[in-house]
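Chains R and W, in that order, give the protein sequences. Residue numbering for the first sequence follows my numbering, starting at 1 and increasing by one per position. Residue numbering for the second sequence follows my numbering, starting at 1001 and increasing by one per position.
What the hints contain is simulated information worked out from the structure, not anything from laboratory work. All of these numbers come straight from a predicted model, not from anything done at the bench. Where a beta carbon is used, it is the ideal one built from N, C-alpha and C, also for glycine. Don't take each hint at face value.
[To be verified] Only pairs whose alpha carbons sit at most 25 Å apart, straight line, appear in this in silico DSS-like list of lysine-lysine:
| # | chain 1 | residue 1 | chain 2 | residue 2 |
| --- | --- | --- | --- | --- |
| 1 | W | K1112 | W | K1040 |
| 2 | W | K1198 | W | K1169 |
| 3 | R | K49 | W | K1093 |
| 4 | W | K1198 | W | K1178 |
| 5 | R | K15 | W | K1112 |
| 6 | R | K15 | R | K49 |
[What the hints assert, rightly or not] Short derived list, chain W residues pointing at chain R, Cβ under 7 Å:
| # | residue |
| --- | --- |
| 7 | S1098 |
| 8 | L1107 |
| 9 | S1109 |
[Claimed, not checked] On the chain R side, residues computed to face chain W include the following (Cβ under 10 Å):
| # | residue |
| --- | --- |
| 10 | N8 |
| 11 | H13 |
| 12 | F22 |
| 13 | F26 |
| 14 | L29 |
| 15 | G30 |
| 16 | C69 |
| 17 | G78 |
| 18 | N81 |
| 19 | E86 |
| 20 | I89 |
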Amino acid sequence: MVRLITHNLLACHVKNCTSNNFPLAFKDLGDTSLPAEQPDMIDDEFLQKLHHVLLEIHVEEGSMVCPNCNHVYPISNGIPNMLLAEHEIG
Amino acid sequence: MIPTPDLSHLTRQDYEHVYEPAEDTFLLLDALEQEASELKEIRPLVCLEIGSGSGCVSAFIGGILGPSAALYLCTDINARASRCTLTTGRQNKVPLESMIASLALPLLSRLKHSVDILLFNPPYVPTVIAEAENAQGTADIEGSWAGGIDGMQVTDIFLQTVESLLSAKGRFYLVAVKENNIPDIRARMSDRHGLQSKIVMQRRAGREHLFVVQFFR
């Protein structure tokens, strides 16, 4: 189960990939309930949407891509695979 | 009393590749149960278990704190173990965030000084170096116990990151055996990382003299 709160804690850790390595990009998540920028007014409606996006959306299949080095971290059966190949380990 | 997590969904086949809870696991559960009121008092928000295996320990801590009280992150290098962790969470109604990862590597930069409860029952059995290296490489059941020199080969790597993960009120629980040289571990964590420690529980189980050590600021 990859909830977005978890995705929010994962960064690319490929050797020498130390800047612009977060957030990992989802392909086609398809949820647009949150505005791109933090709103001035934090009301209940916004908090409910935030709660939904962070804690209730589960990504079962897909991938997360590093915006810097383009490393692809696959998600399968709700489990992200964050392992690196031998030559990528720092 | 906090019930031992329900693992009835796991099969013999699972336990061919994933460590089945044993004396060391139960010692850690007993230690956490003893600490339960103190753990609840610090109101933990982020729990992280390294090498979650069957998921038994994280499901148990979820039972102590409540399923939505904290975020329960679990890593394991063994994909089958990550699968078992996920299903154990479901079986026990604790949302365990299971991921396949080596130690806490993909979380280090984002969880700096943010982990309130950190748990590691490492591969602590002394073996030859190559056996421990090979076991981590193949990421199967041997990786859950083969610990190389002094049984500290994997643990030592993780210990270097503990201080950077622990929050101000954070607690790190480590399972160890006598051969790991616990006085030396505690001295190093104090001298190099400024972390205090205490032995929470110890027990003899067959040939093993097992300890649960807690580290804190």
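Evaluated hints:
1. K1112(W) / K1040(W): Since the Cα atoms of K1112(W) and K1040(W) sit roughly 22 Å apart, the hinted pair holds (cutoff 25 Å).
2. K1198(W) / K1169(W): Given that 25 Å is the threshold and the Cα spacing comes to 15 Å, the pair holds.
3. K49(R) / K1093(W): holds (23 Å)
4. K1198(W) / K1178(W): holds (15 Å)
5. K15(R) / K1112(W): With Cα atoms ~19 Å apart, K15(R) and K1112(W) stay inside 25 Å; holds.
6. K15(R) / K49(R): Judged against 25 Å, a Cα distance of about 36 Å means the pair is violated.
7. S1098: Hint on S1098(W): holds, closest Cβ of chain R at ~6 Å, below 7 Å.
8. L1107: Check passed: Cβ of L1107(W) comes within 6 Å of chain R, closer than 7 Å.
9. S1109: Because about 5 Å separates S1109(W) from the closest Cβ in chain R, which is inside the 7 Å limit, the hint holds.
10. N8: Constraint on N8(R) satisfied, holds at 7 Å.
11. H13: With a minimum Cβ separation of about 5 Å from chain W (threshold 10 Å), the hint on H13(R) holds.
12. F22: With Cβ-Cβ at 7 Å, under 10 Å, it holds.
13. F26: Violated, because the Cβ-Cβ distance from F26(R) to chain W comes to roughly 15 Å (cut-off 10 Å).
14. L29: violated (17 Å)
15. G30: violated (21 Å)
16. C69: Nearest chain W Cβ about 13 Å off; hint violated.
17. G78: At 6 Å from the nearest chain W Cβ, G78(R) passes the 10 Å test, so the hint holds.
18. N81: holds (5 Å)
19. E86: This interface hint holds because 9 Å falls under the 10 Å limit.
20. I89: Hint on I89(R): holds, closest Cβ of chain W at ~8 Å, below 10 Å.
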